[in-house]
Amino acid sequence: MNIDYIKVKKDKSSLFGSVSINGSKSISNRLLILKAIYKDEIDIVNLSNCEDTELLKTSLISNSNVLNIHHAGTAMRFLTSYLSIQKERETILTGSKRMKERPILVLVNALKKLGAKIFYLEKEGYPPIKILGKEITGGEIDINAKISSQYITSLMLVASKFKNGLKIYMKDNITSFPYIKMTFNLLTLAGIKVLWENKVIHIFPGKKQQKKCFYIESDWSSASYYYSMSAIAKESKITLSSYNIDSLQGDKNVSSIYEKYFGVYTSFKESKITIYKKFNFSLPKFFELDLNNTPDLAQTIVVTCAIIGIKCYLKGLETLKIKETDRLIALKEELYKIGIITSITNSSIRIDDFYQQKKNDNIFLNTYQDHRMAMSFAPLGLLNTICIEDPYVVNKSYPNFWKDLKSIGFSIENYFE
2 MNIDYIKVKK
12 DKSSLFGSVS
22 INGSKSISNR
32 LLILKAIYKD
42 EIDIVNLSNC
52 EDTELLKTSL
62 ISNSNVLNIH
72 HAGTAMRFLT
82 SYLSIQKERE
92 TILTGSKRMK
102 ERPILVLVNA
112 LKKLGAKIFY
122 LEKEGYPPIK
132 ILGKEITGGE
142 IDINAKISSQ
152 YITSLMLVAS
162 KFKNGLKIYM
172 KDNITSFPYI
182 KMTFNLLTLA
192 GIKVLWENKV
202 IHIFPGKKQQ
212 KKCFYIESDW
222 SSASYYYSMS
232 AIAKESKITL
242 SSYNIDSLQG
252 DKNVSSIYEK
262 YFGVYTSFKE
272 SKITIYKKFN
282 FSLPKFFELD
292 LNNTPDLAQT
302 IVVTCAIIGI
312 KCYLKGLETL
322 KIKETDRLIA
332 LKEELYKIGI
342 ITSITNSSIR
352 IDDFYQQKKN
362 DNIFLNTYQD
372 HRMAMSFAPL
382 GLLNTICIED
392 PYVVNKSYPN
402 FWKDLKSIGF
412 SIENYFE
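In short: position in the sequence shown from 1, add 1, done, that's our numbering.
Read the hints as simulated data drawn from the structure, not as lab findings.
Quick caveat: nothing in here was measured; it's all calculated off a predicted structure.
Be aware that one or more of the hints could be misleading.
Claimed, not checked - Straight line, CA to CA, 30 Å or less: simulated DSS-like cross-link-like pairs of lysine-lysine: (1) K36 to K164; (2) K238 to K194; (3) K194 to K172; (4) K407 to K279; (5) K36 to K113; (6) K182 to K273; (7) K113 to K273; (8) K135 to K118; (9) K124 to K135.
Stated by the list, open to error - Simulated restraints on C-beta separations: (10) T386 to N64: 42 to 50 Å; (11) D41 to I342: 39 to 47 Å; (12) E334 to L133: 38 to 46 Å.
We put the beta carbon where it would ideally sit given N, CA and C, even for glycine.
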């Protein structure tokens, strides 16, 4: 059901409850590609139920020669490499209007240098693309690691099917390092031989593997919104499942960030985490944080700071400009609506001033077709009644988000499950 907006509100005095969050989107999407390549040798349990993962799953089993992945950037990048090795298959890979504005040049250039046949159908360097699948010999490739970790992951996931494997030489600073490390670890767990030394990753040609079963832990990016709520509420205790203390996900760092700067503590027990707010914690007036490794946490953190009244400077955010929207511009615009003055560059956002602490109810917040805009601003409902436009955009990564907020006491008006 399509609705224009929902109203979100909850008294901020206390926040208690338990929530079960679905499997990590990042892990799910990587394992789906590996399962498509190695078929019955890989089993997956607790696959994410988000829209992006469903789109990728459907695309991988489709026989159509035109695949539309809508807003799913991960699917676009992972499928570009996967379809390149599907011998004698011709596929057009396309997406939404925004997807056609998101660059894919670096990945396509790398694949073409390795022998792939890929053609742009509209604008050079951007989807839609036509892919003529073939056997790829492999070899060596240089790639700019600063632009997007997904380009490197996309190559890594298919490289074991290259005749000679692949050596990737990563140039410049590595953006979102934990996501590349996640891919490396999953390949290792799947039984694929892969070495990583300094900025060189070597994936060897794959052989038939013993059957592996992967249980996917819950998504740490999704957990971040509960950390934000816990920081804002006067008292909080929320239990989330299922999480590993030795998680493969870089966004697990949300636990240490919120403990250090917001006084939100994390307790691990078996496969669950409990997050709660420390009493008598002294909040900083300002802090600076480099989020190069965890850029998906930026919106959550800056909104938390805005609501609590902490000035901050978040950097290392180059990739935010090529996401579902230009997230830095979107944050600047929407934060201004609640009285927050920010300054942005191509890679940073800073809270400069609080020109007034708006107490107005029913402020309308634009989500810009971006799931993280909707979810990062939802904790504002602990302060005011807020109206969030295009609420079902959360289906991209966390379809049960509004339902789960209701389960811990939020009033969600105009929402239908």
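Hint check:
1. About 19 Å separates the Cα atoms of K36 and K164, which keeps this hinted pair within 30 Å; it holds.
2. Simply put, K238 and K194 have alpha-carbon atoms about 43 Å apart, too far for the 30 Å limit, and the pair is violated.
3. A C-alpha spacing of about 23 Å is found between K194 and K172, which places the hinted pair at or below 30 Å, so the restraint holds.
4. A C-alpha spacing of about 24 Å is found between K407 and K279, which places the hinted pair at or below 30 Å, so the restraint holds.
5. For the hint linking K36 to K113, the alpha-carbon distance of about 24 Å falls within 30 Å, and the restraint holds.
6. Between the alpha carbons of K182 and K273 the distance comes to roughly 23 Å, so the proposed pair stays at or under 30 Å and holds.
7. Taken as a hint, the K113 and K273 pair is broken in the structure, with Cα atoms around 44 Å apart against an allowance of 30 Å.
8. Simply put, K135 and K118 have alpha-carbon atoms about 8 Å apart, close enough for the 30 Å limit, and the pair holds.
9. A distance of roughly 24 Å separates the Cα atoms of K124 and K135; the hinted pair therefore holds under the 30 Å criterion.
10. A C-beta distance of roughly 48 Å is found between T386 and N64, which places it inside the suggested range of 42 to 50 Å.
11. In this structure, D41 and I342 break the distance hint of 39 to 47 Å, their C-beta atoms being roughly 56 Å apart.
12. Against the hinted window of 38 to 46 Å, the Cβ-Cβ separation of E334 and L133 comes to about 42 Å, which satisfies the hint.
Consistency with the previously given hints fails for numbers 2, 7 and 11, ordered from lowest to highest.
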